[in-house]
Amino acid sequence: MDRITDLHTLARTAYYQAGGVSDAELTSSAAYSSRRERWMRAVQSRDRTVLCAEREGELVGILAMGPPYEADVDVTTVGQLYQIHVRPGIWGQGIGSYLHAAFVQFLRDASLATGVLEAWERNSRAQAFYARHGWKPDGHHRPGPGNANYVRMRLSLDPEVQPGRGGQLASEPGVRDRY
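Read in order, the letters of the sequence shown correspond to residues 8 to 186 in the working numbering.
Any given hint could be a false lead.
[Unchecked claim] Distance ranges between label pairs, derived from CB positions: (1) Gly27 <-> Arg139: 20 to 26 Å; (2) Ser36 <-> Gly146: 34 to 40 Å; (3) Thr83 <-> Gly153: 30 to 36 Å.
[What the hints assert, rightly or not] Here are the computed lysine to any residue pairs in the SDA-like style, where the Cα-Cα straight-line distance is at most 20 Å: (4) Lys143 <-> Asp79; (5) Lys143 <-> Asp165; (6) Lys143 <-> Asn156; (7) Lys143 <-> Asp81.
Everything labelled a hint here was simulated from the structure, so no lab data went into it. In this text, a Cβ means the ideal position worked out from N, Cα and C, and glycines have one as well.
Required output: the full structure, derived from the provided sequences and hints.
Right, here's the structure in full:
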């Protein structure tokens, strides 16, 4: 669980610092402990899925997904992408797209037509990544850190179109899934 929490901490620190959130809020031992506990619950949960991408034995990416959190979202047609994190320093190498394709396959396997996620409004890199993959803001916001909101985005699947990378987790050279 420490490797997952470490990677999550690195990734979130990179984008929240870039958005002006203080180091104290990001790197405290209490915050780390809380993240570790949440990852433990997610991995052990029956209704959530956590996938880890490794390259040459190193954890390089994490994906967490499952049913939507918000009461206004229909759990019979929608799945939620809770988090994609890729190790800073190797962004732009396709790992996030690989994990995104796994989420799209998760939706298809569950016969869900729509995905939802939340992106911090100051994380323009994440919002651009999701927009490239077909996500659009749906107008819903909620408060986030640094006096900035989280923006909810939706992905509508075309039933005739297959995921961009074939939906095959093993298709990414040098990356394998876990959990």
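Quick rundown of the hints versus the structure:
1. Gly27 <-> Arg139: 20 to 26 Å: holds (25 Å)
2. Ser36 <-> Gly146: 34 to 40 Å: This hint holds: roughly 37 Å between Cβ atoms.
3. Thr83 <-> Gly153: 30 to 36 Å: Given a distance of about 35 Å, which is inside 30 to 36 Å, the answer is holds.
4. Lys143 <-> Asp79: With a Cα-Cα distance of about 17 Å, the restraint between Lys143 and Asp79 holds, given a limit of 20 Å.
5. Lys143 <-> Asp165: holds (14 Å)
6. Lys143 <-> Asn156: holds (16 Å)
7. Lys143 <-> Asp81: With a Cα-Cα distance of about 18 Å, the restraint between Lys143 and Asp81 holds, given a limit of 20 Å.
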